[in-house]
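**Q** Sequence:
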Amino acid sequence: MSDDTLTVLVPDEVGERELARVDGVRVVRYDEDAGVDGLPAEAAQAQVFVPGFLGADAARDLLDACPQVRLVQLLTAGAEKFVGALPDGVALSDCKGAHGGVTAEWVLAAILAVLREIPEFVRHQVAAHWDQHLTDTLTGKSVLLVGAGDLAEQTGRRLEPFDVGPVTLVGSRAREGVHGVDELPDLLPDHDITVLLVPLTDTTRGMVDAAFLAAMPDGALLVNAARGPVVDTDALLAELTSGRLRAAVDVTDPEPLPADHPLWRAPNLLITPHVGGSVPGHLERAYRIVVPQIEAVVAGEDPPNLVVGQY
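Residue numbers for the sequence shown follow this note's numbering, so the first one is 788 and each next one is one higher.
Hints are not guaranteed to be accurate.
Here are the in silico distance ranges between beta carbons for each label pair [to be verified]:
#1 Gly-927 / Ala-997: 40 to 46 Å
#2 Pro-1079 / Thr-926: 38 to 44 Å
#3 Glu-970 / Pro-1079: 50 to 56 Å
#4 Ala-1086 / Pro-1004: 46 to 52 Å
#5 Ala-807 / Arg-962: 23 to 29 Å
#6 Asp-818 / Val-1066: 22 to 28 Å
#7 Ala-997 / Pro-1054: 27 to 33 Å
#8 His-916 / Ser-959: 31 to 37 Å
#9 Pro-874 / Pro-1049: 38 to 44 Å
#10 Gln-912 / Thr-1028: 24 to 30 Å
#11 Phe-908 / Ala-1046: 22 to 28 Å
#12 Ala-1046 / Gly-993: 22 to 28 Å
#13 Glu-947 / Ala-845: 37 to 43 Å
#14 Val-1066 / Asp-973: 34 to 40 Å
By construction, these hints were calculated from the structure, which means they are not laboratory data.
A virtual CB, placed ideally from N, CA and C, is assigned to each residue, including glycine.
Using the sequences and the accompanying hints, generate a full structural model.
**A** This is how it looks when you write it as structure tokens:
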């Protein structure tokens, strides 16, 4: 084995198989459920660590036993739990672009479920009650996508066949085809549906507050496919309880949502338990993004999805 071979620690068979195809890489598998005891002896020489779906604290414990690691490569697009939690000198790369398509699928499913009142009809089915009535429709609705990355692109493409009204993108800064986040107060009143597709950062935490929600028109639908803390939970509860707004959320604050939390009983709300990307093939999709990240490191470059630091 050459001295310049890159040793990568992975927690699963898919990563072991996919990264073994990359020239200049030695793949070492570990047991993420066994803690430090699940690390093989080769972990001491690893330069890249893939934490699977471990939390930042559990990953940090393993990193303490892997002194040569210089890069943590995530299998998720969300990196907020790891930012600021890694040892000095350890870079962080996310998996942005892996799960956008299936998460956009959830967005569309949630919108249609709320507008066509599917949860209510399921309740009527359980009660053997025939309640035929008009429902809302997606056709002609104006949609505001707060976020302008891969997930927003995937969501916009899936909305097109439904003859929606204008689909407006909002990014951190204005550019061609994308409005800046500072324009939100003027954009919110003109859109029937607002979809949150942003990462959780210091800037986006609490972005959807009482003023944001108040700017949405009566009867509008808020869809959160981002992270729970992007939304002020109390402010959302107030709007839902008043009956003025509707919402569909795949993420909550807190998360998991405690059984006694008032969100469970809020009217006009559809909740799913953070399953937007939880479909078969999620690991294969993740490693399709991870492989080029590792190839860049082998070539002496920073990974394209670098979030923090330099390799």
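**Q** Evaluate each hint against the coordinates.
**A** The hints, checked one at a time:
1. For Gly-927 and Ala-997, the Cβ-Cβ distance of about 29 Å falls outside the hinted range of 40 to 46 Å, so the restraint is violated.
2. At about 39 Å, the beta-carbon gap between Pro-1079 and Thr-926 stays in the expected band of 38 to 44 Å.
3. The given range of 50 to 56 Å is broken by Glu-970 and Pro-1079, whose C-beta atoms sit roughly 34 Å from each other.
4. The hint said 46 to 52 Å for the Cβ distance between Ala-1086 and Pro-1004, and at roughly 51 Å that hint holds.
5. A hinted range of 23 to 29 Å for the beta carbons of Ala-807 and Arg-962 is inconsistent with their spacing of about 40 Å.
6. At about 25 Å, the beta-carbon gap between Asp-818 and Val-1066 stays in the expected band of 22 to 28 Å.
7. Between Ala-997 and Pro-1054 the beta carbons are some 18 Å apart, a value that contradicts the proposed interval 27 to 33 Å.
8. Distance hint check for His-916 and Ser-959: the Cβ-Cβ separation is about 47 Å, which falls outside the suggested range of 31 to 37 Å.
9. One distance hint, 38 to 44 Å for the beta-carbon pair Pro-874 and Pro-1049, holds here, with the actual separation near 39 Å.
10. A hinted range of 24 to 30 Å for the beta carbons of Gln-912 and Thr-1028 is consistent with their spacing of about 26 Å.
11. Under the hint 22 to 28 Å, the C-beta atoms of Phe-908 and Ala-1046, about 25 Å apart, fit the expected range.
12. Taken as a hint, the range 22 to 28 Å holds for the pair Ala-1046 and Gly-993, whose Cβ atoms sit roughly 25 Å apart.
13. A hinted range of 37 to 43 Å for the beta carbons of Glu-947 and Ala-845 is consistent with their spacing of about 41 Å.
14. Here the CB-CB span from Val-1066 to Asp-973 is close to 37 Å, well matched to the stated 34 to 40 Å.
In this structure, the earlier hints numbered 1, 3, 5, 7, 8 are contradicted, and the remaining ones agree with it.
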